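Engineer: Add 39 to a position in the sequence shown, counting from 1, and you land on the number used in my numbering.
Keep in mind the hints are simulated off the structure, nothing from the lab. Keep in mind that this is a model prediction, so the values were computed, not measured. Ideal Cβ placement from N, Cα and C applies to all residues, glycine included.
The calculated SDA-like cross-link candidates involving lysine to any residue, where the alpha carbons are at most 20 Å apart (straight line), are: (1) K84 / R196; (2) K109 / P71; (3) K177 / L164; (4) K205 / A138; (5) K205 / E118; (6) K89 / A137; (7) K205 / N121; (8) K205 / S83.
Derived CB-CB ranges, DEER-like: (9) E91 / G197: 15 to 23 Å; (10) E212 / S105: 34 to 42 Å; (11) G104 / E209: 38 to 46 Å.
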Amino acid sequence: MGFARHSFLLTRYQQKRYFSQTPSSNGESARPLFTEELNIIYDSKCGICKLEIEFLARRDEKVNGSDSRKLRLTDIEGEDYNPNDLSNGGVSYEKGMAAIHAVKADGSVIEGVPVFGRAYDLVGLGWLFRFLEWPVMKPVATWGYEVFAKYRTFVTRGSSLEDLVKAHYEKKEACKSCNKPKN
40 MGFARHSFLL TRYQQKRYFS QTPSSNGESA RPLFTEELNI IYDSKCGICK LEIEFLARRD
100 EKVNGSDSRK LRLTDIEGED YNPNDLSNGG VSYEKGMAAI HAVKADGSVI EGVPVFGRAY
160 DLVGLGWLFR FLEWPVMKPV ATWGYEVFAK YRTFVTRGSS LEDLVKAHYE KKEACKSCNK
220 PKN
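Kindly produce the complete structure, drawing on both the sequences and the hints.
Structural biologist: Put into structure tokens, the structure is as follows:
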């Protein structure tokens with residue numbers, strides 16, 4: 040049996056709620072999904088990812104203070120991670136493991152290198168990523184990140200993305216059957 044890809048589908052009700060959170064075309068400001076400006080969805084079981092997130096968290100607290108942080112950090116490996124939560128932007132386990140994602144407070148989702156640029160902006164270090172927006176550097180940075188993301192799980196977790204995704208969904212299914220009430 041081949042590996043089945045899992046995708047995230049929003050119900051009509053969820054779509055209405057999700058899109059009602061985003062800014063309207065008539066200029067009205069929408070209510071933000073969360074108090075921080077950016078929700079970074081990361082893999083806590085990846086050593087490189089964890090170091091980066093810990094650095095950003097320390098820097099966020101130092102620059103913005105503990106009461107006015109700009110970054111929300113959501114572990115995709117957390118037991119309570121729910122892609123259906125609007126603050127997680129519909130980022131499935133598979134998508135989140137394939138590349139870093141972040142959700143802005145208005146509900147829009149960004150992926151890859153732009154996540155780092157935005158996060159570093161919010162912690163006062165945006166100048167470190169400005170050169171990645173140059174026309175010559177942007178494709179190089181994007182390509183470099185794509186190569187890293189493609190092999191990240193082999194290097195940091197010792198397994199392919201497909202195997203991690205398969206194990207994740209098998210574990211979820213096993214947990215569902217464990218929680219079913221017995222007749």
